[in-house]
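Engineer: Take a look at the letters that make up each chain.
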Amino acid sequence: MTLANRSLVTIDDLSNGEIESVFSLADKMAGALDRQTDVCQGKIMVSLFFEPSTRTRLSFEAAMHRLGGSVISAVDIGATSLAKGESLADMAKIVGSYADIIVIRHPWEGSAKVVADYAGVPVINAGDGGHQHPTQTLCDLYTIQKERQTIRGLKIALLGDLKYGRTIHSLIFALAKFGANILFCPTPGLEVPQNIIKKLVTEYGGEVEIQPAVEGKKRAGVLPMDAVYITPSSPHQLALMPGINFDLELKTGVDALYVTRPQKERFTYDEGQGINSSLVVNKEFLKGKEFKKTLVMHPLPRVDELAYEVDADPRSMYFKQAARGIPIRMALLALLLGSREVAVREEPDFFRSKVNYPIYKGGYEVTCPNPVCVSVQGTETKYLKPEFKIVSLEPLTLRCVYCEHGFEPKYIASADWHEGRLDTKKYHRADSHWARTIKPENLIVFNSKSEAEAQGFKPSRYAGAGHPGGD
Amino acid sequence: MTLANRSLVTIDDLSNGEIESVFSLADKMAGALDRQTDVCQGKIMVSLFFEPSTRTRLSFEAAMHRLGGSVISAVDIGATSLAKGESLADMAKIVGSYADIIVIRHPWEGSAKVVADYAGVPVINAGDGGHQHPTQTLCDLYTIQKERQTIRGLKIALLGDLKYGRTIHSLIFALAKFGANILFCPTPGLEVPQNIIKKLVTEYGGEVEIQPAVEGKKRAGVLPMDAVYITPSSPHQLALMPGINFDLELKTGVDALYVTRPQKERFTYDEGQGINSSLVVNKEFLKGKEFKKTLVMHPLPRVDELAYEVDADPRSMYFKQAARGIPIRMALLALLLGSREVAVREEPDFFRSKVNYPIYKGGYEVTCPNPVCVSVQGTETKYLKPEFKIVSLEPLTLRCVYCEHGFEPKYIASADWHEGRLDTKKYHRADSHWARTIKPENLIVFNSKSEAEAQGFKPSRYAGAGHPGGD
Amino acid sequence: MTLANRSLVTIDDLSNGEIESVFSLADKMAGALDRQTDVCQGKIMVSLFFEPSTRTRLSFEAAMHRLGGSVISAVDIGATSLAKGESLADMAKIVGSYADIIVIRHPWEGSAKVVADYAGVPVINAGDGGHQHPTQTLCDLYTIQKERQTIRGLKIALLGDLKYGRTIHSLIFALAKFGANILFCPTPGLEVPQNIIKKLVTEYGGEVEIQPAVEGKKRAGVLPMDAVYITPSSPHQLALMPGINFDLELKTGVDALYVTRPQKERFTYDEGQGINSSLVVNKEFLKGKEFKKTLVMHPLPRVDELAYEVDADPRSMYFKQAARGIPIRMALLALLLGSREVAVREEPDFFRSKVNYPIYKGGYEVTCPNPVCVSVQGTETKYLKPEFKIVSLEPLTLRCVYCEHGFEPKYIASADWHEGRLDTKKYHRADSHWARTIKPENLIVFNSKSEAEAQGFKPSRYAGAGHPGGD
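As they're listed, the protein sequences go chains A, E and B.
Note that numbering that gives the first Met the number 0 numbers the first sequence so that position 243 is 242, with each residue one more than the last.
Note that numbering that gives the first Met the number 0 numbers the second sequence so that position 109 is 108, with each residue one more than the last.
Note that numbering that gives the first Met the number 0 numbers the third sequence so that position 221 is 220, with each residue one more than the last.
These are computed hints drawn from the structure, not numbers from a lab.
This structure is a prediction, so every number in the text was calculated from the model and none was measured.
Among the hints, erroneous ones may be present.
[What the hints assert, rightly or not] Taking lysine to aspartate or glutamate and the DMTMM-like style, the derived pairs with C-alpha atoms no more than 25 Å apart in a straight line are:
hint, chain 1, residue 1, chain 2, residue 2
1, B, 92, A, 310
2, E, 92, B, 146
3, E, 360, B, 310
4, A, 384, E, 283
5, B, 92, A, 379
[What the hints assert, rightly or not] If you only want the chain E side, here are some residues facing chain B, beta carbon under 8 Å, derived:
hint, residue
6, 43
7, 69
8, 381
[To be verified] Here are some chain E residues the structure puts well away from chain B; computed CB gaps all over 12 Å:
hint, residue
9, 31
10, 99
11, 251
12, 264
13, 306
14, 425
Note that beta-carbon positions come from the ideal geometry of N, C-alpha and C, so glycine has one too.
Using the sequences and the hints given, assemble the complete structure.
Structural biologist: Right under this line is the structure:
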């Protein structure tokens, strides 16, 4: 099977079988890193880095060179073309006519999807804002797989900034997809976003237990867990004993401890003032029984959350994670460029149900409320139309197809009103029963009453000012 | 014939025959872009970009890699060596000893010529301030040639910023050289500079008709033309009917419409305030009969002057223009590096008369009045001597050999005065008959009376204070 | 013999025999620069430039490409990873797992040593602050060797900024190591640092004569010499005639004149105000008899200290120096990567005695007083322990193993005091006889009395407040 001409924008773009195939090609290449220079000869990769990055870019470029390919790169390009007002679509089409594959990092969430939509060549997302960073996730999974031979049924603790880390977001869904259990151990104030929890339950079929109280979180040697995700493959009784799961989970040991640094560059002002984690993973911390065989992981760079004294510990995996980025990216580049083909296990993903959500294509200027979403940027609105998945009716929830941000609009109407019969041109509260009765293809949403009324809609009896959800 | 060791600083550095040879090699290479990796193996190209640029640099670098060559690049180097006070000549000599060919972009006009003079290896100008950008012009011409099989006799409309666009300036002379007619359609306030019009008439032998009045320019669907250049090859009767040429030209259809963005980064403050073009080339605009078969071109990046809805129109050529930059630059690199040779039609250029203007080498500190000319920069005056072509005697007009900026000095004198006979050491107004009587090799020019008198010259009767041209 | 897996951090990392072997391989490669593309095929060099540089980086990258290798580079990375708080050790380990060899330029002195200690692959120092720039020195030596066939016994004048030029510091020791005599001709205020003079005498065995008076320095055509270094190989009588050496040295002619620009970017504020050299090496200056056969050298870039009119003079060597950077760096890369092996003359260095100084590993927070030393930077103190060579006992002098900065601590104590017997826990002045009696392995140093007392030490009778060296 060929992966040629495919793009990797989110980790979901690859099935479990395909990811395993990347791993098995990486295994082969890792055995002879310097003897692969015939694989991509004559091919050109372009690195487009709109945000500073050294490690990720150098890793991709080293991988392409190890394959015998060429690299052209544009680093920190915020100041150049964008200053001239160029759109991502134009940039994508043009560099897509120069090179055979594009690797892009960009601060706008959803930007990699836009580039993939327009480039005409395969695109790899090397980080789009706080959204995803799927190749980091591949390195993480590959490391777990290599060290534990499987991912299914393992218990992985995520520690630190679970709110802003894009590597964390990609990793959560990947772990769920492969049937791992997740212990959420956030720095207080940097908990995992609600829409990720929801997606886990809806699309991956597992259960999430929330820690009822905060007390006790800071007991020495105890993980500051606030939630547990248990896949359908795990013993169900755990989920039936709310409140004690947390201790149970720890007693049987943690398979991997994934530490992250606070993504201070994405903090709001208030967060910048208030959040201060003093938890340091050091020798002392790792003395706990539950960490006896734990893989200590970190996407790097680290700041103070992971002590240098751990480096010499055989449980430390973070430099191996980084080094494995080379064979993983080599395998991925070779496959997407069509320079190598691999056998792919064809069976469907077990732990992930592909939901075909109805699509809301907007109209009346409903836009994604995420200010760093690619779809709301001045240069991009000239050609991009907002588009949302209707992921839930109660409450009515839309998810932007670009940045995957979810939101709940307040008012709705039906496009199915009759010209001339203005009494049918009415709007309703989104939390009224109308959300379920209007057909998706007729749905119109508004963020405020004034927006609805500006379009000529009148309030129905389900849009009353005194009701919850009022303007 | 070999083009090895030649440089491309202005589009005039290549004869028509040589340009056609570049095109025919580009044709061959375009058929197998990924099978040319043996052409420049072992050769090194250096990109020196003193101004931000993504597209042009990536295009050159991709081309070099497609040829199997290597690339070293220095991007946005304003902050490094120049900060240490290094001159272009030193930089040129040094990198010329590292690499086999230099591609340079620099904000100073004439900088590419200086680099070519000192490097010892071939140099390609990738844009020197507002002066020239000859490889963009090659892509433009190549696109017209591919789509229309010829350039001679075509009618090309140039739309937008005709004042600051360096791509426009290179293109105008190239079109004239190949016998095309040009319709000038500037954004008001951004008309093509006078010295370009003059050069067209003097050196390319055609005629320029200026639109007498501005009225009517903004009729819907009508190009805002203010001048027409008609080559000697076009039916002469057109030129005999002043005033109606403009309509006639349009009735028979426009072969190509070359749209440009306002080069706001080069605007003066007043221009920044006042100029505001609302003309947008969109589906509606292109409905006019005269555009039925028009190639819609743009050097990109675009801002708002060209609507995205045109992208899907078969007349849109701008992404093809960009893509054709690869085979064009491959052919050019291979030829200048001597890695390929081609047959070149030997006959002289038909539409361009090579004028051997006398040279004025200055003295008495006459310098180019263009503040972004390379010859007046502090680091360069240590070794560069100003040098000018005397392109006209009435009025006396000098053209800088570096930036090609033309200017009319106010006062002149003859170096042929006799020591001891101070009555012959006199200066005159440049617009007096003396301009024609002083031999070019004796000519001395001054920009002011005080400058002349500081050098010991006294006013002649043709330098009176009350006369026009006074200090 | 193989140089594979060796690093080049300071010029002393290579013996004279090894340097000569680099030269002889460079000779071979220089004869066919463009036919070496099989030497390093499949190898990757990474350029890590934390300070702007164009020339040095391009020279390394061109050399690697000429060898058929690949290059990945991170330029001006101050703003990226370091902003995220990453340490040099982490960066070194990670990129060391991507590439086969690292070339680093960094503003912190000693940074290249840290990278070499952690990378796991060979590291080449391309300039670490004001410390060293050993490959520039190799180019300098190679040029002298090529033009004069030997370095031993030559007379080399160093002119300009001898205080901040890292190329100067590397060069001084290299010249001494090969038995050359050095004439120090500093711009007043930019004299060579004392610790370099001391090291010359102690470790290279020669003699340094200091010019007694400043008068006469500015006689036209006379070098502004203030010190002469005479190697053990030179006629001893010179050293016996203090005061007239300076004139004698000049009368017999100078073999090379090494001119440097003022390193203004490293000046203190006061230096920036006061230092102003008006000495320009131009045709007039070089008319002196002593310069008849002098090689005029400069590491470039130049500012105003070396006139362009000298460029055409056959004595000018500076563009040759730059061009020779290619074969020298090719040879060095090929050797350190193990792609080539060479015969190395095994005899020990004649002019340099490798002194095995005792090591002081600190304790009680004694840190290097050099504010740009790598060992005192916030990101590095998390894992680096200060370490010093005890290079002298009278006065007690420590030399940082990272930046090689020397300093004289004020107070000392012995770690050999007996628990419970506090009368032995005393500190002394470093200039008392105790400095010689405390065994190096027991030595403790303090920079102030309060520091000593904070650690529980009491003053001995050799720590009196009135004595010299008091707090």
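Engineer: Taking the hints in turn, state whether each one holds.
Structural biologist: Structure-based check of all given hints:
1. 92/B - 310/A: holds, 11 Å
2. 92/E - 146/B: Holds: residue 92/E and residue 146/B sit about 20 Å apart, inside 25 Å.
3. 360/E - 310/B: Judged against 25 Å, a Cα distance of about 22 Å means the pair holds.
4. 384/A - 283/E: holds, 21 Å
5. 92/B - 379/A: violated, 40 Å
6. 43: holds, 5 Å
7. 69: holds, 4 Å
8. 381: This interface hint holds because 6 Å falls under the 8 Å limit.
9. 31: Since the minimum Cβ distance to chain B is about 23 Å, residue 31/E lies beyond 12 Å and the statement holds.
10. 99: With a cut-off of 12 Å, residue 99/E comes too close to chain B, as the shortest Cβ separation is near 8 Å.
11. 251: holds, 53 Å
12. 264: Given that every Cβ of chain B is farther than 12 Å from that of residue 264/E, nearest at about 22 Å, it holds.
13. 306: holds, 37 Å
14. 425: The claim stands: residue 425/E keeps its Cβ more than 12 Å from every Cβ of chain B (closest is about 34 Å).
Violated hints, listed in ascending order, are 5, 10; each of the other numbered hints is respected by the structure.
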